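*Asks:* Residue numbers (the numbering used here), protein chains in the order written: chain A, 1 to 680; chain B, 1 to 48.
Since the hints were derived computationally from the structure, they do not count as laboratory data.
If you're wondering where the values come from, they're calculated on a predicted model, not measured in any experiment.
Virtual Cβ for every residue (Gly too), placed ideally from N, Cα, C.
Each hint should be verified, as a subset may be incorrect.
[Said to hold, decoys possible] Restraint ranges, calculated between C-beta atoms of paired labels, are given here:
no., chain 1, residue 1, chain 2, residue 2, range
1, B, Gln4, A, Pro618, 37 to 45 Å
2, B, Lys28, A, Phe534, 48 to 56 Å
3, A, Ile317, B, Lys28, 29 to 37 Å
4, A, Ile317, B, Arg24, 26 to 34 Å
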Amino acid sequence: MRVGLVGNPNSGKTTLFNELTGAHQKVGNWPGVTVEKKEGMRRYRDRDLLFCDLPGTYSLSAFSLEETLVRDYLILDPPDVIVQVVDGSNLERNLYLTVQLIELGVPLVIALNMYDELQARGYQLDAKLLSELIGAPVISTVASKGYGTEPLLAAVAQTAQAGSSRSGEIRVNYGLELEKEISALELWLQGHVQNLAVPLRWLAIRLLEGDRDALLKVAPDLVGNDERQKLLPRSQDRLKKLYPEGLETLIADRRYGFIAGALQETLKRSIPDRREYSEKIDRFLTHRLLGMPLFLLFLWLLFQATFRFGAAPMGWIETAVAWLGTSLGGILPAGPLNDLIVNGIIGGVGGVVVFLPNILILFLGISLLEDSGYMARAAFLMDKLMHAIGLHGKSFIPLIMGFGCGVPAIMATRTLESRRDRLLTILIIPLISCSARLPVYILFAGTFFPHRAGNVIFLLYIFGVLMAIGAGKLFSISLLRAKGAPFVMELPPYRMPTLRTSVRHMWDRASQYLRKMGTVILAASVIVWFLGAFPRSNGEAPRAADSFIGQFGQAISPALDPLGFNWQLDVSLLTGLVAKEVVVSTMGVLYGVGEDNSADAHGGGALPTALRGSGISPLSALAFMLFVLLYSPCLAAITAIWRETGSWKWTLFSVGYQTALAWGIAYAVVKIGSMAGLGP
Amino acid sequence: MMLQWLIIGTAVLLAGIYLYRQMRKTLKAPFCSDCAGCDTKIKNRLNR
């Protein structure tokens, strides 16, 4: 049995989907997290329920990509039951979609989510009465705490068994004049189409609203029908004369009237009015002058915590890795296999796995910011900056997702309506530092700037954002000229993040990181070791510089020599195109640190010690971090760019401009730093 | 020593094949590889 989950953006669909199916889809307290359909199974009373999580949408009007996707899914591939997730803290707006679903006549169940927030604000909703008024079961849920899922599943099963809900019997009264035109169109449609998948009334209203696409989807034969082409404009003209404010406004007003009426009867306030606590907090957090410094302060604290709190567990893992290397090195007979396991595998994988605590702390912080609703405020604060580069605040959501991984961020640009906005956002997303680059920063900042590592990492992230804004501005006045569209940024109420969600975020992140260690990083480390151990002369391993990888590194080093990088760094940058963590694992292998558990006077593990001893200056280390921040995205991100832009030209441009920018910035840092006497 | 080289050869071959297949998979559908936004347990139906 198929069950579709629909609802407004940020109403908690994905949280409910995860709760119902046991999946681990990304959840964030901001709109636009789900950009495509996702499916998951749940067994309930000997029935398999296939849940489909659809993108968030405010209506079924087909003005945006999400609206079109959801509407097409409902009319062309209708599931057995639709569950509309309604945000209890924003009933009026959410019920607008309910009205459209009622008109579509689908078997409907309402999950009144975040019911606890509605109660916390002093409201009581008569769910039973509301069910009767809208003709569909209304079940109170709190998805983040797993509350209400059993009754919801029971309602779904019951509705599926009945084959329909009573919603089809409920009618919104659009007023005498409009109803006359709707009836006339209905009558005409009845005589011209058979076996229509949608109610005639729904199609008639859609046609009056000017939705030609709906007709194309459900009754393509009527598109070129002469009679319809005369009838419809006549109706529309007559109504436009009667209602100069426009038909869309009129229809929306009537629907909101229906909602207001339903809420009047069912929603009661149980405690006296009080100022919303969210508004009170917002007075500070989105303040015109204080907002941005506070945002920067939160980010700074996050990176300080990432580095400082991560240092101790990182040291434990480092010790464990070194112990493993030394022990295995002692047990295995000396020879190439010993070298592969100790220097190749343990050196490579162990070099990256030590950063797991830092990654977890960073993502715990990001998860808290997201789930509390603060990230949506950050988007609101950034709206002005976005406008400055000719984008609107909606582009900020994919950009923020870029802090995690560029691939879903690039995919999330599908929520933007214009191709030009999508393209511009895709071009600047890779400049936002993804989490895979964090191990490189922690390694280099910790090695070369041990007392200011948190500050250095914070500044790198900010620099990435500034570069993205700068590049965006440049493109918007040259290659992609246009004005940004206005956008109302939604500010969800603040919510106390739950331990359950935060732990789940961290667990997902940890398992993903470890999975990557055991797959891509492991395989890349073996290959890098192999290329570093051959060609052999008289059965002996070559000097590092004479190995295949050494020769290759020296061949490309002229291009990067001006930046003060050695050939090991050059090679790492290239292998990092597979995945950015491979930059560190490659260094682990090339510096042969698997069995080296030495630490110098500065402390830290074997790789930092080897790096300090390799002649890299702090200035070059800074240039290297900037290069890693800005240069070409990884293979997965490049492919995502190609798929989303549908153009090799833009894909190559993205890779090319970023690499050129990375080189230019790194060179400028080295030159200016040298002139200022900060190092060679 | 022969056994050591045999194990190394197999490991390198397997690593090479894995990386090649992973790259090919990534080129086909970057979302289903190992990026942060995807869970392999979930069937992703792309918006065709």
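*Asks:* Hints first: check each against the structure and report whether it holds.
*Replies:* Against the structure, the hints:
{"no.": "1", "hint": "B/Gln4 - A/Pro618: 37 to 45 Å", "verdict": "41 Å, holds"}
{"no.": "2", "hint": "B/Lys28 - A/Phe534: 48 to 56 Å", "verdict": "31 Å, violated"}
{"no.": "3", "hint": "A/Ile317 - B/Lys28: 29 to 37 Å", "verdict": "35 Å, holds"}
{"no.": "4", "hint": "A/Ile317 - B/Arg24: 26 to 34 Å", "verdict": "33 Å, holds"}
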